[in-house]
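Chain A is fixed; fit chain B onto it per the hints.
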Amino acid sequence: MRKLALNDKILLSIDKPARYIGGEVNSVTKDKKTVSIRFAICFPDVYEIGMSHLGIQILYDMFNRREDVWCERVYSPWVDLDKIMRERSIPLFALESQDPVKDFDFLGITLQYEMCYTNVLQILDLSQIPLLAEERGEDWEYPLVIGGGPCAYNPEPIAPFFDMFYIGEGEVIYDALFNLYKECRAEGISRQEFLRRAVQLPGIYVPSLYQVSYKEDGTIASFHPVCEDVPAVVQRQVVSDMTNAPYPEAPVVPYIKVTQDRVVLEIQRGCIRGCRFCQAGMIYRPTRERSLDCLKEHAYKMLKSTGHEEISLSSLSSSDYSDLGGIVNFLIDEFGNNNINISLPSLRIDAFSLDVMGKVQDVRKSSLTFAPEAGSQRLRDVINKGLTEEVILSGADQAFHGGWNKVKLYFMLGLPLEEEEDRREIAHLAERIAEKYYEIPKEQRNGKCQINVSTSFFVPKPFTPFQWARMYQPGDYLGFAKTVNHEIKAMKNQKSIRYNWHQADVTLLEGIFARGDRRIADVILEAYKNGALYDAWTEFWDYDRWLAAFEHTGIDMDFYTQREMAEDEIFPWDFIDIGVTRKFLLSEWKKAKQGIVTPNCREKCSGCGAARFKGGVCVESKG
Amino acid sequence: MKARVKFSKTGYMKFIGHLDIMRYFQKTIRRSGLDVAFTEGLSPHMIMSFAAPLGVGLTSDAEYMDIELGTPPSSSQTAIDALNRVNVEGITVTGFWQIPEDKASKAMTLVAAADYELRFRKGYAPAGDWQSGISHFYAQKEIMVLKKTKKSEKEVDIRPMIYEMSVNAGTVFMKLAAGSAANLKPELVMDAYLHSIGAEPKSFAYEIHRCEVYANIGNEKKRRLVPLGELGQEIPPG
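Chains as they are written, first to last, in the working numbering: chain A, 1 to 623; chain B, 1 to 238.
Extracted from the complex, chain A is given alone in its bound form:
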């Protein structure tokens, strides 16, 4: 039997010990003497969140297919265990072997949202790895710390904490990186020399090999490699053929209930829509589908190997999958009678989706979701959200006639070019949906309707047309939400409309981390040292602690948030080439200001630049 890193007394004194014992069905155990590379793959949040992440499941499976690699999982210890580990200097361990992470060759950390950055420091700290890459020495005392995921598209605010970043989709270059690592270790070369060689691989960014200088106004003057043989531009890595890309046949089945407790079928990657606020819509271009046959095979194998009772589709916009009818009907026909729940998220509400949703869920209990994102048609054109009021109302109408009476509406506030009237329109749209419901004769409807309006505050993200946009002050954001709230209260059907809005102060921090430069690392370090952790969790979020950290480090928050960036400003992430060009993003920013919409990738190619990957929709439309 494996020996656990934590003793019984600790495990029985903390919440959910199953988070830390490993040994789950389909987890991979190898003999450490027979492998050359030990890779700890980490999601820096609690187990239940981390275990729900598809990307890690894909890489875990792919890495472990190599005989010479043993990949194990690591998550953030919850605050109860965090305290115990610090008090007793227990080093953070990987779940499978229960061995300390510090003894591994790699520590790979996925960066899915900005507010996990203090948890990244927690992982390093508890692992007893120096927080700053420059303090990890010339030899191989510590693992190589490598970051990836969407936040790696602007790695600069956390650059000093990482030895390297992987820019792009993990399926592509890890094999080459592992081979290079083995070669280098066999040759006995230093950590520094390895990094010099690794940076030659496409998609690999080594922060210590680049230098930044700043202008007097605080913007970047130059960003360049420290020597000539280091590439000036890092190319995002893209899977060209999704159908033949690796996909786990037997994902790990957790003992405790996790957020995503089901088989997940990634039907496609990327989105054809081009919403101007959406980072995923740009950094995953082009849209690439998995073939129906391959999805069918994955569905059978994964249900069999896990015993899960539910299967879900995953994609940015499932309705755009070209054979949606094929995959949905397959799931219903094949598993619907087999007591397998079928979950169909991110479907556009129309006759087809209502029909299939009626087949797979209890209409009375479930709610329908619309994401108009902006209240007025004018602003929806600005953000290039192709959804019209007519489509929303007719979708809602059909749904109400189909027996649904719960609707969720998602909006953003603080969008570029947003005005007071656009905010009020959120209330009006909700009202018009409620009116649709009450147009149905009383005896035919199912009690009252419930319309839940949620707003989040817009955060400008790198590699989007809105990367130039300004943000607002927390007080402004709350004022925006107040306008919506006030207007909803003035509606005739206000009793059927519920409204909730997100915190405003955390939005600002997200914005700073999203578009920040290397200087922001000091703030993150300072806040972490003062106790910041689990910032994505409302119960641990402490804005004052962050304000103090900015104060202490002398970094001006407003510089990063309260100004529209100049068209030619050098962004911290400019050294990354995602395929979509800056020229395209800028033209989209200008079109936004004129309220001109851009057609989606299937309607018409807009020449964003992603066609050079020669995959997915870019090839489709030309064939």
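One should not assume that every hint holds.
Beyond 12 Å from chain A on every Cβ pair, some chain B residues (computed) [as the list claims (entries may be wrong)]:
| id | residue |
| --- | --- |
| 1 | Gly33 |
| 2 | Pro44 |
| 3 | Ser49 |
| 4 | Ser74 |
| 5 | Gly90 |
| 6 | Pro126 |
| 7 | Ile134 |
| 8 | Lys150 |
| 9 | Thr171 |
| 10 | Ser180 |
| 11 | Ile197 |
| 12 | Val226 |
For each label pair, taking beta carbons as the anchor points, the in silico distance ranges come out as [said to hold, decoys possible]:
| id | chain 1 | residue 1 | chain 2 | residue 2 | range |
| --- | --- | --- | --- | --- | --- |
| 13 | A | Gly325 | B | Ser43 | 21 to 27 Å |
| 14 | B | Ser75 | A | Met1 | 29 to 35 Å |
| 15 | A | Lys359 | B | Thr10 | 42 to 48 Å |
| 16 | B | Ala127 | A | Ser36 | 47 to 53 Å |
If you're looking for bench data, these hints aren't it; they were derived computationally from the structure.
The beta-carbon is built from N, C-alpha and C at its ideal position, and this holds for glycine as well.
Using the frame of chain A, we list chain B on its own:
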């Protein structure tokens, strides 16, 4: 057909709570390929009930659950093998029986008693001879303890719920009332004993293992305890 499954829960599985064990078996049974039955209705769930929940931290050789199968397995051993092929280390199915269809035969309603073995964890045993007083403790007519519930505290006599108690080389054996009518936890008995010899019970001191769970096929006055599995019929091979 209705079936009763017996399994052991050992090693690190002691950290998995009762509800998660239920979830675990729902998935395990699906992986095993056994033709398990579901409830009717809009949100069907697997027909499955557990005899007696086991607390986190305890191990057991005698966990029981009842399930319903569409098609019976060709033999008890086939079903046992099918489940063990997909089990994790720490969960082993050790028995499989066909049981009567009626509600009165459900494991949950039948539970009347359970056997436990209790040991002190290393370094937690009271100093000196703590073992010799157990026979005297067990011989008492009445053992009053303060039982805390969520709402109140009250004095109860636990002696009628202790059916056997003995000690052998540091391992305390107890046969205690279990189930919905009367349920006594082994740690409560041990705490009471330690108090009676003037020792202070410490948290985290005991290692407890459940050895068997029984139904009472006699009556209140004259108990006849039978392991839950023996109430079913083994399905012979061939």
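Tested hints:
1. Listed as a non-interface residue, Gly33(B) fails to keep its Cβ farther than 12 Å from every Cβ of chain A; the least gap is roughly 8 Å.
2. Residue placement check: Pro44(B) does not keep its beta carbon more than 12 Å from all beta carbons of chain A (closest about 5 Å).
3. Listed as outside the interface, Ser49(B) is consistent with that label: its C-beta sits roughly 17 Å from the nearest C-beta of chain A, beyond the 12 Å cut-off.
4. Every Cβ of chain A is farther than 12 Å from the Cβ of Ser74(B); the closest lies at roughly 21 Å, confirming the non-interface assignment.
5. Listed as a non-interface residue, Gly90(B) fails to keep its Cβ farther than 12 Å from every Cβ of chain A; the least gap is roughly 7 Å.
6. Pro126(B), annotated as away from the interface, keeps every beta carbon of chain A farther than 12 Å; the closest lies near 18 Å.
7. Taking the minimum C-beta to C-beta distance to chain A, about 25 Å, the non-interface status of Ile134(B) holds against the 12 Å cut.
8. With a least CB separation of 20 Å from chain A, Lys150(B) remains clear of the 12 Å interface cut-off, as annotated.
9. Against the 12 Å criterion, Thr171(B) stays outside the reach of chain A, whose nearest CB is about 18 Å from its own CB.
10. Non-interface call for Ser180(B) relative to chain A: holds, since the shortest CB-CB distance, roughly 26 Å, exceeds 12 Å.
11. At the 12 Å boundary, the C-beta of Ile197(B) stays outside the reach of chain A, the nearest C-beta of that chain being 24 Å off.
12. Every Cβ of chain A is farther than 12 Å from the Cβ of Val226(B); the closest lies at roughly 32 Å, confirming the non-interface assignment.
13. Restraint check, Gly325(A) to Ser43(B): a C-beta distance of roughly 25 Å satisfies the suggested window 21 to 27 Å.
14. For Ser75(B) and Met1(A), the Cβ-Cβ distance of about 30 Å falls inside the hinted range of 29 to 35 Å, so the restraint holds.
15. About 43 Å separates the C-beta atoms of Lys359(A) and Thr10(B), a value consistent with the hinted range of 42 to 48 Å.
16. Checked against the hint of 47 to 53 Å, the C-beta distance between Ala127(B) and Ser36(A) comes to roughly 52 Å, which is consistent with it.
Hint compliance for this structure: hints 1, 2 and 5 are broken, all remaining hints hold.
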